[in-house]
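J.: Assemble chains B, C and D onto chain A, guided by the hints.
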Amino acid sequence: MRDQVILRVVSKITAPFILVFGFYVIAHGELGPGGGFQGGVVLASAFILYGLVFGLAELDAIVPRRVTDGLAGAGVLLYVVVGLVGIVSGYRFLDYTPLRVTGSESAESWGMTLVEYGVGITVASVMITVYREVSQAGAAEK
Amino acid sequence: MIRNHLPALIVIVPLLVALVMPVLGRGDKPWLLATLASWASFAMTIVLQVQVSGLLRNPAATPAIISYPIGNWQVPWGIEFRVDALNAFILLVVAMISAVVTFYARLSVAHAIPPERVRFFYSAWLLFISGLLGVTMSGDVFNVYVLIEISALASYTLVAMGRYQNRKALQGSINYLVLGTIGAGFFLIGVGYLYSVTGTLNMADLSTRLEPLHDNRAVITAFAFLLVGLSVKMALFPLHGWLPDAHGYAPPIVSALLSGVAIKVGAYIMFRLAFTVLGVEFTFAKLPTGPVIWLFATLAILVGSYTAIQQTSLKRLLAYSSVAQIGYIALGFSLANENGLTGALVHIFNHALMKSGLFLVAGIIAYRLGESEIGALAGLGRKMPFTMAALTAGGLGLIGVPLTSGFVSKWYLVSGAIDRGLFPLAFVVLVGSMLAVIYVWKVVEIVYFRPASDSAAKVTEAPWSLVFPAWILVGASLYFGIDASLSSGLAQEAARFLLSQS
Amino acid sequence: MTIIEFLLLDVILLCLLIVTSVTIFVLHNLLAATMVLSLYSLVMSLVWLNLDAADVALTEAAVGAGIATVLLIGALVVVGAEERKHPLIHWPALVLIALTTAALVYGTFDLPPFGAASAPAQAHVAPEYISQSVPKLHSGDYGSAKNAEDQPTSDNFHGHVPNLVTSVIVNYCAYDTLFEVAVIFAAGVSLVLLLGRRVAGNGGEP
Amino acid sequence: MPFFELYNYWIFILLMMIGLYTIIASPNLVKKIIGLSVFQTAIFLFFISLSKVAEGTVPVTVPPAEVYSNPLPHALVLTAIVVSVSTMAVALAILMNIKQAYGTVEEDEVDQAEAH
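One line per chain: the protein sequences are A, B, C and D, in this order. Okay, so the first sequence: first residue is 1 according to this note's numbering, each after it adds one. Okay, so the second sequence: first residue is 1001 according to this note's numbering, each after it adds one. Okay, so the third sequence: first residue is 2001 according to this note's numbering, each after it adds one. Okay, so the fourth sequence: first residue is 3001 according to this note's numbering, each after it adds one.
So that you can see chain A by itself, here it is in the shape it has in the complex (with noise of 0.2 Å):
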């Protein structure tokens, strides 16, 4: 697909739009529906579009391997640490109430934020890592 120069110009354009929606997804699960796993696909299709487009040793040169492998565990590590957190000031584990906004009336918290985003991290990061040795193995087959 590499002479297809609409397409090309076109994966390139929208690579940016998916990215922000899928953000937008992740920040949104505490509105509607949406969340850290649906948004982290979102952003994931964005990488596996590039890697369908341009190949999969364009998409390595964006985001190599080492990169994904670190994310994938960074996002469960976030998601640790905020768990951390609660222990560390004298609450349990998993406990938000230390993260929470002060002066909010909601009581909203960066733990749920950060939890959010910690699972989207992940879930794109992996979803890359299959794309990759799935398509890699096909390729092998060939």
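In short, the hints are calculated from the structure, not lab data. Computed from a predicted model, the values in this text were never measured in an experiment. For each residue, glycine too, the CB sits at the ideal point set by N, CA and C. Be a bit skeptical, because a hint or two may be false.
[What the hints assert, rightly or not] Some chain C residues near chain B, calculated using beta-carbon distances under 7 Å:
1. Gly2107
2. Pro2135
3. Lys2136
4. Leu2137
5. Ala2182
6. Ala2186
7. Val2189
[Stated by the list, open to error] Per the computed footprint, the stretches of chain A lying under chain D, defined by three or more beta-carbons under 8 Å from a beta-carbon of chain D, are:
8. 27–41
9. 125–139
T.: What follows is chains B, C and D alone, placed relative to chain A:
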């Protein structure tokens, strides 16, 4: 501060280390971190055991129950970790075996897995351990499902890693996956039925709300499905079909943890549901659980031992022996009296030591010889004296020779059967031991009384970093055969706790 | 939407589910079976939407009809898309299924009626999730199950998250969710272990 | 009439059994994995059926409504869906390895290859 958060930290430490594994390089660093994490969990488990057990406090007291509501949400709304005499004991077994096996893993993994994958291997390994530790403590039935699934998912992959030695590992892995997922599905249906009639997922809350519902047909169905699902996970006959291939062809350290610990965790959940959630009254008086389980337990002991005799591969022999040993645990469960339960629980402890030790020995043999056919062991008694002594000592434990820990468990089981007046069951335990004599002797005879083949002539003793951990486990199993006061004391405490729940 | 409309839609969609699932079994072309599976997922997500589970429906549509389909197609490229013909009747399986069905149906007779507002699942625990007034404990200590310090505080969590499902996921069931993400991570690690990097000259490997 | 009270549960059982039958009766391993997906999704249908309250609405409080369906089973199923798709990914990866090692993904052919 740490003292108050042990239930959360025991699970989180291995998980945390698993997460950073993929960014580590090659070399020994992944192994070192994994070992540190598993020993840290083990150390915390010991502290937790002391906090819970009445036996280890001075003066001896009744065992405590520790509740750790995660996120500080009040139970039953939030998820709770609940540690009592029963799961503190199981937790100790899980953490202890994981720690020793991880310590052993370095050379064995380097031998079995391509170097660029080793760090991912340890990542999956720690996720497996973390899941098992979590299942043991969780007080929420759906949380148990999620944790069972994470440890199972990691173990499917770990089993498949045996393909570098034998492609049959892949077949074993996919069968394990399909059956394991169906088993988990059945468990989930049971959870759903219970939820629909009680409206709760918390085990303690379930047990109070189920009290008036013992005649409810949905509860009976739920119990049946939970039992079947868990029987798949613990490989109770006739649902053991996945075990021999998965345990027989996985990398040795994976077999050690699967056979020693993973199937026991399934058995633990069965104890938990039958005694503390549904209650003795419902499980054993209202439903014919006792006879059904002892029927299958008997068949497991006889068929498992008999099939073990016919095996030509050491690891498959050990795998079939595990089928039989799960039979003993189920037998003790079905007796539902103090001696029977003590026997089952102490056998969980003893068998974990023996079987993991023996799989580590099988790993040493694979490391030195590159195969695990029993015929290849001929004459190794002189070439690898320490390894073969461990093999023999572990084998004697499987038989249940006096002064080994296997004897202690069988003693309790036989007395439990006699207490109930079920003499045929006591007889089955004895027949099982006779069959074990045959399969153990088959190996020992080849090791010590056959001349070494040409290829074996150059074999030397394995490095101490492999032999020593194997001997820790086998040695411990010998020690707890001679002085069983600690192991059977804790098991007895747990058994009394279970019987006091109804 | 009236009850009748709801039931009608539910029944029609459920019939579609039966048709698609049987078709999946009968088809010998695995690519076709994959397509029908994604149809099954889509219909299922419509059923769930009809049953008020918008979040789940969205996820099922993305996962079942999206990710699972892509995964299956990727796998079929490698393993081949044609299933060998086999007899459709498998007696041991039929016996097993008959027994399982009997056990499950036996249990349904004591389940609360479908949609009942008085069912235990609706009456216990759930109201506090919906009003987001779950009591919160105060201390970080424990000693025994009934710790005197562990009284609910007046400082309840009155955070109001409009999406109640998200509220349950990230608050009360946060631990499940943590391990859900860990499962995804485990799947990623597994794929690297099982498939990874077998093509020579790949980048990024140290 | 029990039918209208319970039919949703019976359909879940039927779908689950079709999935289970596909798993057991198909010798092709990919088909088994597809069957597994049908089986698991049917169990999720059971949980969602439990959450439904007649005349209830989607559990989102904007705009406010009188009756909401129960959000807890929704949360459980979300978790379970993710677990099931992860299992499927691992299963398919193992199958690709089996194809590489044995040249087939038909169960009986794999068994035969091993017997020789």
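J.: Give a verdict on every hint.
T.: Hint check:
{"no.": "1", "hint": "Gly2107", "verdict": "holds, 3 Å"}
{"no.": "2", "hint": "Pro2135", "verdict": "holds, 4 Å"}
{"no.": "3", "hint": "Lys2136", "verdict": "holds, 6 Å"}
{"no.": "4", "hint": "Leu2137", "verdict": "holds, 4 Å"}
{"no.": "5", "hint": "Ala2182", "verdict": "holds, 6 Å"}
{"no.": "6", "hint": "Ala2186", "verdict": "holds, 5 Å"}
{"no.": "7", "hint": "Val2189", "verdict": "holds, 5 Å"}
{"no.": "8", "hint": "27–41", "verdict": "holds (count 4)"}
{"no.": "9", "hint": "125–139", "verdict": "holds (count 4)"}
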